[in-house]
Each structure stands twice: as structure tokens, then as C-alpha cells.
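These are the residues of each chain, in order.
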Amino acid sequence: MLARRLRSTFPALSRRWQTTASTTAIESPSAGGYPSSVASSQLFRMTRESALRTPGISWQDEESDRNIVGGRETRKMNLYQAVRDALSIALAKDDSAVIFGEDVAFGGVFRCTMGLAEEFGRERVFNTPLTEQGIAGFGIGLASMGHTAIAEIQFADYILPAFDQLVNEAAKFRYRSGGHFSIGGLTVRTPTMAVGHGGLYHSQSPEGFFMGASGLKVVIPRSPIQCKGLLLSAIRDSDPVIFMEPKVLYRSAVEQVPIDDFALPLSRAEILIPGSDLTLLTWGTPVYHCESALRLLNSPPPSLAPLIPPSLRSAKVELIDLRTILPWDIETVVESVRRTKRLVIVHEAGMTGGVGGEIAAEVGKRAFLRLEAPVRRITGWE
Amino acid sequence: MLTWACSNGRTLSTLPASTCLPTIHSPAVSKPAFFNSVTGDGSKIPNDRVLDVLNTPIEGAKVPEINEQFARRSYENMQLLQATLDDILCRGQRQGRIPFYYGEEATVIDSAADDNLYRETGVLLWRGFTLDGIMAQVFRNHEDSGKGRQIAVYPLTLSWHYGSKQHHPHTISSPLATQIPQATGRDALKMWPACFFRGRGSIRDFHAGMLLASTVPSLILFLARDNGFAISTPNSQQFYSDGISVRGPDGNDVLAAMNAVKEARRWCLDGGRAVLVEMMTYMSRERQEVEDRKKNDEPITRFCLFKSRGCWNETDEEEFASRLRRDVIKAFKRAGSVKKPDLGDMFTDKEQREELVALLKKYGQVWEPWQNELGTLKGEGILWVDDRQHTTT
Chain F
1 MLARRLRSTF
11 PALSRRWQTT
21 ASTTAIESPS
31 AGGYPSSVAS
41 SQLFRMTRES
51 ALRTPGISWQ
61 DEESDRNIVG
71 GRETRKMNLY
81 QAVRDALSIA
91 LAKDDSAVIF
101 GEDVAFGGVF
111 RCTMGLAEEF
121 GRERVFNTPL
131 TEQGIAGFGI
141 GLASMGHTAI
151 AEIQFADYIL
161 PAFDQLVNEA
171 AKFRYRSGGH
181 FSIGGLTVRT
191 PTMAVGHGGL
201 YHSQSPEGFF
211 MGASGLKVVI
221 PRSPIQCKGL
231 LLSAIRDSDP
241 VIFMEPKVLY
251 RSAVEQVPID
261 DFALPLSRAE
271 ILIPGSDLTL
281 LTWGTPVYHC
291 ESALRLLNSP
301 PPSLAPLIPP
311 SLRSAKVELI
321 DLRTILPWDI
331 ETVVESVRRT
341 KRLVIVHEAG
351 MTGGVGGEIA
361 AEVGKRAFLR
371 LEAPVRRITG
381 WE
Chain S
1 MLTWACSNGR
11 TLSTLPASTC
21 LPTIHSPAVS
31 KPAFFNSVTG
41 DGSKIPNDRV
51 LDVLNTPIEG
61 AKVPEINEQF
71 ARRSYENMQL
81 LQATLDDILC
91 RGQRQGRIPF
101 YYGEEATVID
111 SAADDNLYRE
121 TGVLLWRGFT
131 LDGIMAQVFR
141 NHEDSGKGRQ
151 IAVYPLTLSW
161 HYGSKQHHPH
171 TISSPLATQI
181 PQATGRDALK
191 MWPACFFRGR
201 GSIRDFHAGM
211 LLASTVPSLI
221 LFLARDNGFA
231 ISTPNSQQFY
241 SDGISVRGPD
251 GNDVLAAMNA
261 VKEARRWCLD
271 GGRAVLVEMM
281 TYMSRERQEV
291 EDRKKNDEPI
301 TRFCLFKSRG
311 CWNETDEEEF
321 ASRLRRDVIK
331 AFKRAGSVKK
341 PDLGDMFTDK
351 EQREELVALL
361 KKYGQVWEPW
371 QNELGTLKGE
381 GILWVDDRQH
391 TTT
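Top line first, the protein sequences correspond to chains F and S.
Just so you know, we're using this note's numbering here: the first sequence kicks off at 1 and counts up by one.
Just so you know, we're using this note's numbering here: the second sequence kicks off at 1 and counts up by one.
With a straight-line cut-off of 35 Å between C-alpha atoms, the simulated DSBU-like cross-links for lysine-lysine are: (1) S:Lys340 - S:Lys361; (2) S:Lys362 - S:Lys350; (3) S:Lys350 - F:Lys316; (4) S:Lys378 - S:Lys350; (5) S:Lys362 - S:Lys339; (6) S:Lys339 - S:Lys350; (7) S:Lys361 - F:Lys316; (8) S:Lys361 - S:Lys339; (9) S:Lys361 - S:Lys333; (10) S:Lys340 - S:Lys362; (11) S:Lys362 - F:Lys341; (12) S:Lys378 - S:Lys361; (13) F:Lys365 - F:Lys341; (14) S:Lys378 - S:Lys339; (15) S:Lys378 - S:Lys330; (16) S:Lys362 - F:Lys365; (17) S:Lys340 - S:Lys350; (18) S:Lys340 - S:Lys330; (19) S:Lys362 - F:Lys316; (20) F:Lys341 - S:Lys350; (21) F:Lys341 - S:Lys361; (22) S:Lys350 - F:Lys365.
Hints in this document: simulated from the structure, not taken from any laboratory.
Predicted model only: the values in this text are computed from it and were never measured.
Turn these sequences into a full structure, and let the hints steer you where they fit.
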């Protein structure tokens, strides 16, 4: 296990704000505007108090009493600013950390690496040639020597050229060496999911393709706080992690995010809205569509009211964000389904071969006698 | 200067295996030595030019024969593409009217002028693709024969209203360089140029394509256009040299590019092997880089100055430029109000269609966001399943 030298965080903190300060102005939406379900969501933590009390948060300071919340600060950030904040903490605290990918040096096509090359140097934040296969392979090599390699694949749609490296090499690295070698230091970040105008090759959700690659982890955050905490956990995790960031949320998802170093647990789902009648399981952008749907169900507008029987309007649906897709939190999901007896899985990727099928089969096996209806999947069209 | 993928003129590896036993033909030496496999003496492949900086033909340069009509048509297309279309669509994207666009330069026109070519808007313009057709793709309305499926800026379709089928450009995909090996396969039987930006030479598919092209061999003409960058990454971070063939014809010199492609085509057909041409040029960007290059090196200006010793004067120029602008803006405005593709174009799977029909029947008439969306589609939500027409109205 590589020993990581920790620097005092205070000078690093003040330098961090130099790079983020200029871009905390309100961002205007792109052509097409923000998705309405995100804009009207109640799930974002917009106050300092609620942000600091995010469930599962674990402060990573050197101070002795880690659980103190009072005195900690938060700052308004959108998703790409939260990514950048997490990356700058990683670079500041871990001397072996480097960030690389296509066009990351100038700040990245989604601004996730803005200012990092200026702050930490071009030897630590650098561009690679246009080759995803090369990027993945290079990252694996770096990580195998104990370094922290944070690679960026410009769009999740382009992770497929790197598939061989990730599935045949990264996933199997530790196993094939009998535990002698590992590449836990590898994290591959990539923007994923639809944004409205992306067409076939800038909108895909390829998480399903990796389900068979035991040895890899796949994580998908839904909000800035989740993104920062999960990304820091992913970077420090002892397994290689693919971190997929829903690109439509980069500017539209805004929260008060704690500025300190904190982690959120991997492989733990989060129950966002407790319920008793049905479990609604999802991740990424669809979390907000589900939230809107539940609101419409509970208090439908006049145009929809005739279509929704009053008896259903009082249904209490439990909304769960899976967060880590591989390995997924079987316990939380099955426990919830045992209580509610119904499960609906929502994901943007197509139905065939999607993650929903895997979850449905597993839940069917473990909670078959409790289920009162077949597991239903609502997915993108194919 | 042309380089060519190694080949010995055989077709489709039909020779028996015994003739393919590996043998060494190089002389044996006692001391290892490095060598430059391209030029032998370590010099760079020169950058071919026909017109110098002042746009007079360079001494000894072979000026291609172009009649006035051809020259005029070339110039008009270049002006349309670069000065007008690129400019207006780039602004449109910045203003949020269209979601996506990137510009292209005149190199493509002059190559297309000489020969059939693979993607790029310039080729389509040369082949007679209309402004309405381009705008349809950019706005992704129902007139786009790609059915609005691709991200804007890929104006590639499979249906032509005129011209022979063999001239079809193939629909392109975003993952870079993936279609280079595909082009190699397509052209194993007949010649057809492929075209790609420099940055894509980094991807493994490029190397795979070169391998196939040289061994099969494939009658393919690769035209690599080098603009010095791949999005924000300069060539210096992409590879350690000057380019694939370490320079080639000056892509900003229309005549040099024409010469090069003509020669390359002849070599390809005569020699029965693949050829690679690399052209140095630039992409439309709104940055200082373009301004700097524009001052010295702009292809339209150079060509225009060259031809101005005869056919073109300033009044013609102004009139022409403003007519082009009017045409493009008119097409842009019109395309913005044309309806989006028919709902049935989204997918053909029967079960999914039935599911969609059920949803539309239930909510399509009462839920306002869906009503608005359906209103923008051609056919307004009519969907065919099993020869039965379903409608929400």
C-alpha cells in the first residue's frame, strides 16, 4: 500500500479558491434550457446546515475530532465545480496524483479541470493524444506503479475503444497476479447520459456494458455534494473505478457543497424519499424525472387528474438512488422491496442487457415470495 | 509530396503461402545504425505549393489547367462554405439557436473538385447538395434524410436525388477514426477517397486501416488534413513529429491541393495501391490563431487574388457575397420553422411502438408538454403499428 504524504490543507485551500472563484457566477442555461425536473427538484441541499448533514458524509481531515460539523463552510457549486473541487483536493493531498485526458489542460470541454494545470503544473495535469485505448492503458501502467491516475474519457460514448483495456486489463489486474499487483489508483472519469442535442454518440449510458467486468467499480452521482464525496472515495478506493458524471447536470445541478475534504461511501445506495407501497430505484439524471413523477402522482394537475385514480394519489413510493452500479447495494434494495413488495427500476440506457435486468433477476431470486407484482423496468427506447 | 502505404501490387492475398515465407532482403552490417525511412537523408518532406505568398505561381510549379467556369464554381463554393455558411452557423450556435456546429475550410472543396470524396460539408456543396438540405440536418427537421438522428453538423445521407449511386457518401459516426478501416474494406474493390483530420491518426483504428490498406491492398486515397490542433490539443501534444508524412502539400493553396490529389489518384489507380496525402490547413475557429493565419495564408484570398488577374472584380465580389449571405440566412430561417421528423422515424420495433401508442393515447391529448412536443413533429404524433394508423387526435 503506497504511503501518501499529506500536506497542510490550509495553503492548498486558499489556492483552490483562486481557480474556482472566477466561475461561481450564475451560469446561464444552454440552448434548450435546463431540464425542468432538475430545475424544480427539492432534492438539492441548498442550505449550509442541510449540506453539512448529508447522510453518510465522512470528513477526511487530520483533526482529531472528525465528526464536528460546526465551523465548517459550504460554497454554492454546480456539478462541474464540485468535480473540480474534488480533483484539486486530490492533487493537493496526494503528490502522486495526476490528471490526464483529451483537452484537460485548458480546462476540459466541460470545465471540470479549469485552472488545475495552472495551479498544479503541466506535469500533473496534461493532455494526451487522441486515443482512448492509449489513455486507459497509460493509466493502468501508472496505477500499477502505485501512482494515483485520474484519467478522463471525453464522452462515455468513447469509452468503448478503451473497453479492452478496462475489461481485460484493469478489471483483472489484481486477480491474475494472485494479489501481488493492483491498480487501485486508477479512476476513469467520463461525462455520460443524454443532454438533449447529443445525438447517437454524445448521449449514451454505457454502464451496462461493464457489469460483467468483476474487479471494476462503476459509480454515478446525482448532485454536486454526491459527486464530490463519491469522486474522492473513488480516487482513494483500492479498486479501479469508472466514474460517470451525467453531463446534463454539470451546470443545472446546484447545491451548497462543503468545502472540506469529505467522502461518501461506495456500494451504498441512498433512500431519498422513504415509502411503503412501492420501491422506485434509479440513478443519475432519471432521479429527478422520478421525483417529478412522484409529485405528479401525489398531486396531479387538473389536466392529468382524471387519469390518476384518487386511491393511487396517496401512494407512498420509496425513491432510492443506487449511486454505485457495480457492485450494487443488494442489501438496501432487497430490504426495501421486502417492505414495499413492488419494484420499478428506471434507467436511461436501453432495456435489453441493461443494468435493470441484472437487478430484477437478483431481487426476484431473493424476494420472490414477498413480491406482489413482477419487477418492472422503465428505460430509454431502443 | 506523397507517401504511400507499403504494398507490392498483389491483389487480395491470393498467392499460395509458400511464396510468403519471410526472408530478409537487407544487407547485413556489423554496426547498428539509425535511418530515416522516409527521406533517407533526414530532410523533411517538402510542403508543396503552386502559389507563393504573393499568389503568383512559383517558378517550376505545375499550374493545373482550370477553365474559368471551373474556377468560378470553386471560388463560389469556397466562399459559400467558409465565409458564409460557417460564419452564420457558428454564430447560430453561439446564440443558442442550434445546438452544435463546427466549421470547415476550403481544402475540402478543392479536393472534391478534383475527385470524389468522403464526408465533409464542402464535398456535399460541390456535389450539389442544397442549403436547405444542410439546414435540415443542422435543425434536424423532417427534411433531413438522416431522420434527425445524428447530432447536427453531420450532413450525410444515403439518398441523393440525382447523381449516380456510386457517389454516395456514407453516414459518419462520432467515434474518431473508426471508419478508416471501414473505408479500406469498401475500397478493396474500387477507388474511393477517405478523409480525416490529423488528430485521428493517433487512434488505433488508423493503424489498423493502414495495415489492411497495404496488405489487401485497398485502392484507397487517404486525405489527411492537418490544422495543427485536435480541439484544444496542439500537434506537439499529439505526436512527436510534424505530421503523418512529416508535411505534405499546402492545404491552403487550392492549386497545390488539386495537383496533389490528381497525382495521388493517378498513382493509386495505376499502381493498384493505397496512397496517403497530408494537407496542412486550418479549421474555422473564432480565435486569434485564425486571424494570424488568415492574414497570410487564407485559401480563398489566395485563390481569389490568383484568379483576379482576369475574371473577377470588386463589384462582382460584393454582390456575390451579399447574395450568398441572403440565401444562407433565408435557408436558416426556413429550416427553423420546418417540423421535426415523424414520430414513426424514431424506431421500428413493434412492441415499443405499441407501448408508445398506449402512452400517447392516454396522455397525449391532456398533458400540455407532450401536446407541445407532438405539435412540432411532422404528422403530429400519428404512429403506424402493423399497418394500422394510430393517432392521438
